[in-house]
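Engineer: Chain residues, written in single-letter form:
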Amino acid sequence: MTADVRKTKKIDIKKVVNLVPVIVIIALMIIFSFLSPAFIRFRNLVEILQLSSIYLLIAAGVTFPILMGSIDLSITGIIVGSGVIAATIAPVGGLFTVFLILFIGLCLGLFNGLLVAKIKLPSFIVTLATNFIYCGIAVALTEGYNINIRSNFFSNISNGRMIPGIPNSIILAGVVYIVFVYLSEKTKTGRYIMAIGGKEDVAARMGINVAKYKIIAFALSGLLIGCGTLFLSARLGMASARLGSGYLFNTLIAVVVGGTALSGGVGGVRRTILGVLIITILENGMTLGGIDVRIQYMVKAVILIGSVFLISIPDRSRQDLMK
Amino acid sequence: MNERELLFRAEGITKKFPGVRALNDVNIEIYTNEILGLSGENGAGKSTLMKVIAGVYSKDSGRMLLNDQEYRPENYREGTSKGISMVFQEQNLVPNLYGYENIFLSHEKFFIKKSGVLDTRTMIDKTKMYFEQFEIDADPAKRVSSYSFHQRQLVEIVRAFMISELYGINHPLILLDEPTAALAEKERELLFSQVTKFSKNATFCLISHRLSEMMTYCNRIMVLRDGELVGEVDPKTSEEHDLHTMMVGREVSRDIYGISKQDDDFQEEKVMEIKGLTEEGVYKDINIELNKGMILGLGGLVGCGKRDLGKAIYGITEYQSGSVLVNGSFVKKGKISAMVKQRVGYIPAERKGFGIIEYLPVSWNISLPSIFELANRFMLKVDRKREKTLIDKYIKRFRIKASPEDMCYSLSGGNQQKVVLAKWIAKNLDIVILDNPTRGVDVGAKEEIYSLLREIVKEGVSVLMITDDLLELIGLSNQIMIMKEGQVSEIRDAGKASKPTENELVRYMV
Amino acid sequence: MYKNSFKKATILLICVFLLAGAYSFAGGEQEQNAAAAGPQKMLTTYCTMANDFFLTFDQGAKEAVEALGNEYISATDDRKPEKFISNMSSYAASDVKMMSGYSPTIGSVIEATKLVNREKVYYSNVLEIADWWTPLDAGPYWGMFHFPDARAIGMQGGDVMAEALQKKGKTLLLLGFPGSKAGNDRGLGYKIALENYPGMEVLAEEYGDFTRDKGYSVTADWIIKYGDEIDGIYCTNTSMAVGAAVACKEAGLTDVKIIGTDANKENMKYLKDGSLYGICGIFGPWLAGHAAVVAYDMYNGWEPTVAETMMSTGFIMLTQDNADWYIDTFCGDKLPYDWKKMSRTLNPDNWDPQNLMVPIFPETFSNWEFVEKPKGYEVPKEYSEALASGEYKEIRQLYLDHFKDHTTVPPSSSAPYDKVFASNNIGSETVVDVLTK
Amino acid sequence: MKESVKRTTALMKYLPLILLVVVSLFFGILYPRFFSIKNVLNLIRQMSFLMIVSMGMTFIILMGSIDASVGANATFCGVIGALLAPYLGGGAIIIGILAGAGVGALNGTIVTKVKVPSFLVTLSLMGALDGAALLLMHSSPVNISNQTFLDFSNGSLLFSLPNVDLIPIIMIAVCYFVINKTAFGRSLYAIGGNEQATFYSGIRVRQIQIIAFMISGIMAGVAGCLQASMFEAACPYMGDALMMNSIAAVVIGGTQLSGGVGGPLRTVFGVVLIAIIGSGMNFMGVEPATRHIVTGAIMILAVSVNIDRSKMAYVK
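Residue numbers (numbering that gives the first Met the number 0), protein chains in the order written: chain W, 0 to 322; chain F, 0 to 509; chain H, 0 to 436; chain U, 0 to 315.
Bound conformation, chain W alone:
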């Protein structure tokens, strides 16, 4: 309570720190444009954004459970499950397929939520387990092969260009993202999820139906992952039981680098976009820069740890301990 004196200093740091992800992004862009002139080409920037748009939706989805202090490790499972199940039922690629992918994503997320909220199991293990289950279902349906969806309509969802030069997925994903940013910040649902992440017992006592909003958070996660799957499948023109590998860690890291704490209650869907951009720019730039993949891994580790360190500076005091 005697912190009042230091507060003025703190605010300044906080302002700078809020800019850390942006500074990292700009720094990366400058470095990469020197490393490879092609990096800064318009078409490559579009490529980065197109890749980001898929990551963005998935990461935005996962942000909801994380804000609540839970975690969703079933990203891969939901990507694979929603894509494959929908493509098995309706491989034609019409509006029905689109609807189906989203719906199945929602259902899979809902199932996670029910297990977490109703049987009261830790989300970490629930989603780890359902990840196995969803992947298993997908592999069983496809025997591991992929299902090509050869429909121009479907492909246009991602690859078409309503605005010349800019793929639809960027625009559509942007719209969906903004809607969900609004949902998380301006609506009751978003606020309750934050409250549960802050203090679950207080939230419950204040009359919030904690179980319901836990389920909603996981369902939203599922829905958004389903949405990401839609753009992913549309971009590749296929659904596959191997599609989602590698999304888990990248999205979790994007969420954290964006400034959402894994302990819940801090951060927001809005900030996730910065984390996503850092990750995609890093990957794209290093690939174009011709950096050995193996060294890429190491560079990525340093940059990620470094930026999380910088982001968390204002929220820590000397006596803080880390888990």
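If you're looking for bench data, these hints aren't it; they were derived computationally from the structure. Some clues are possibly wrong.
[Stated by the list, open to error] Restricting the straight-line Cα-Cα distance to at most 16 Å, the calculated cross-link-like pairs of lysine to aspartate or glutamate (EDC-like) are:
hint, chain 1, residue 1, chain 2, residue 2
1, F, K185, F, E501
2, U, K180, F, D382
3, W, K185, F, D118
4, W, K119, U, D307
5, U, K180, F, E372
6, F, K196, F, E33
7, W, K185, F, E107
8, H, K340, H, D327
Given chain W's structure and the hints, the job is docking chains F, H and U onto it.
Structural biologist: Positioned in the frame of chain W, the structure of chains F, H and U alone reads:
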């Protein structure tokens, strides 16, 4: 209070918890505009009664009437919407949400625009208006974690008013469960002046372990013991000691601080010397000398830097300049482990956060600081036999009402505090730094803790006691230091015979 | 406070992107022209470096590109289709005009080949192709698909296994990872071959993910279950085969015959010391290099005929007899190929593919035999026209005639496995072309 | 009242065991050969890496942290061992294990001194270690022919019990001792229960955290070298599966991710359950897809049986 208009009535309330009957056939009446005090020892059922009224718990039997209408709240939310709100002992705010978000939490339905989006602006404006009205100097659009403790408590009271207004109730009943436990003198007064002011439009029901403030501010005090209502006290005609006796059910010593047992001939040997300790803007040039076997009381207003000083001495935080010597040797700053090695212990004010480990057994909590001493040097194997002897000894000595295997969270506040005390004393310390050792502890337990302190001092332990409670400060200390705005404003002896009065000390505080 | 600074940050970020975009419009286009002279960038994509097959694959592509005087770029995708597409798309954006390589799943071939046609990049690929999707479906920029026929490889494996076990025995089948068509088809071929031997039996099949450790653990489980019953294990790649061999050795099963696919430097030691009975060599480095050469030729004006768009390529059988020859020839620091000689544009007359190559007729392509055509799909009619006009036969003969450098054909001392095989389905059914020194 | 509470907790205590027995009986009756001595030894051999790594993971999770780098660390240590094997023989194993300890120390130091959450640190380091391991092995398996190194797994120090069966048993004993009997172990529980309070009690929390991460690193190193020794080569990504599986094993055992509750024997149960089910499904010849589904379902079942809700405020 002449008209005595009945606001709320409860008849034959009974509530059972597994193994205990928390409330047994309690009848209570609350009149408008009054401040009703509820008192009793920990476990007497005060909080339970409040929670039943607020709708947090459901009663097993009995009935409640609010404004002559049957009142049967399903949950706390329904209680609030009917005009009964509660300010909980463990604060009921979500720290990461903004002030206004907390105030309207779970009642947002009044602010949803057609688009489904919340009308943030109105919510903020409304909150701001109320904050001004209630003289809360806080920004509604900031996280409540940045509010001071006092502000947070007021926010909860404001919430009660605000929600009543939303539901069209112009006279809320606000239940305050130990609102002042963690507040300093000045803030306490501020709070009560506001409560008194608000009581024009509301009715309050108050629980406090500080009997003096109940005597000062309450219109009536009901006393509970073992879940039953044992009587009512009119503060105007009785004195604190009557209340004591009624609560405990036996005659309580008037000398709860054990002044008669105070030993002023403590040894000359200096166990701790603090020289010129300074942290810019927090405390400045502090010099303390602690003799063996003495209790040095450190008082001052909240924010005067006394608690920060305690933390810095113990090594939780660092200081800019100065030095701390324990038993004549210099101790590196910011090193708890070095302090503990010098056999210095620290009892924090926030018991739950820093004192006990809730989900570990009592036994493990007690042996934690000494665990490496109980282990052999090479393999670090804990000597179970020695550990058990130690634990049993201290559970017995400190009269902790729990078995060693009980999880700490299931203990009452007083017993938890005794565990914290026991874990340090079990380590066979030289010095112990206490930060508000009896915060949120009931009278009975307080008395026990004080007598334990007297005991250990007699054994040669030195105590540096930081406290917001003036009476405690005066009653226990051999010597008193008062801090004001980070500097020592007064040092004086408080020998058995020469205890200063409250007013004398307050002068140096402000 | 917090939201404001975030807003500023967002605006800043958008500005940066706009600036970058503006820069690219102003400066970026000039570079395109500047790049036309001098060495060109050529991209080879593959899954991962952490795999014996792709390591030599990389070596082949690199040698070929550098022999052609160009600059070599490689991109890996960790078996993620989206990363594969993204890699190609990024490099297309940076004016790489020639690409070749392996796609991580068969499904991503469609989008990749659409992409190269959209971006006007010359592309040639190997091993994996989407079901019912021919180069002519995608467009002119997808030049050639190289395919060591998986079914035929598996069938050969089955035959060799049957021979090794004197036509009687119980065997196990280790597949790759679920969804690898090449892996699964090799397994299918193996089972088809075993149907000819009534004494042969497949006890169980399992996915081993193409890795040594998974191969090891799956085999270890099998050993618990079947113990001494196991006579042979057929593996759809050699990493798994080595894992299986180690597991067998540990359990004391010394005379289990293990056959793998893809011959790589690191694994030859196991063939030599007898841990493995045989390895089918599919010339990974050659596939990579030749694909790069095709992309180069197309960039320089060569156009493949219809029959050349899909080619079945040669493979060999390696046993202890010809292990030394293979090690000497292929496992040195430099591969034995004359990459420039493969180029149709550099050597219009005396080009030499340096391996057996046979055109594939899509309608009877072994890979698609058991896959239904997607609704409404028809194979482009150019293929049947080419077949009718005899173009297929001509091309087959042309490539046979030009295959003069026989360095890569096993020596006759290693009989009966002294041949290069390539499947051939120009007629109504799959036959195998064989070439000896 | 209290009696019945006690009885239910006692039942809860044995439920995991009952689950294990039921599962074992199921496979045992279906396949009598399942419990032959040879198969049991083989089962232990199968679960040995996972057991060792999970033992190390128990230290970390008890503390409320997590170590996502164990798998990559195992690969990394295996490679170092394999590369040095021709020169140092058995000494290479020690260097490999030391490398693991070094990585653990690095993890711990970044977590405690730079103060970045362990999940993120170890996740990032996982990538870095994978990269480093690939660079060291030039992306291709490093074959091992040194007999001493190979004897690490196949030789037998005690009677005729192969080392690969022996080492995990030793590790269980050591970890049991360290966690349950020593002051260090007690501090782990305390840190998991309430880090601040432990810190205020004068326990050197940061030091203990670093040591715990080092132990986890050492365990990963042992598992990595053992794996390399068994495969006769250090292979790329060979340890990857260990990460998720070890976390799963620890959690299935009933050690809570929030820390402070659980123990090494619970982890043993988790690993054994995973191994028996995996091996049992193998016997049954279950499809890989179905295997995934069954594994997931059993995980949920096991955790719901094992979780001790009385020891946690709420479940996240």
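Engineer: Decide, hint by hint, whether the structure agrees.
Structural biologist: Now for the hints, and whether the structure bears them out:
1. K185(F) with E501(F): Distance ~13 Å between K185(F) and E501(F) Cα, so the pair holds.
2. K180(U) with D382(F): holds, 8 Å
3. K185(W) with D118(F): Status holds; Cα separation ~8 Å.
4. K119(W) with D307(U): Distance ~11 Å between K119(W) and D307(U) Cα, so the pair holds.
5. K180(U) with E372(F): Roughly 14 Å between the alpha carbons, so the hint for K180(U) and E372(F) holds.
6. K196(F) with E33(F): holds, 11 Å
7. K185(W) with E107(F): holds, 11 Å
8. K340(H) with D327(H): violated, 22 Å
Checked against the numbered hints above, the structure breaks only hint 8 and satisfies the rest.
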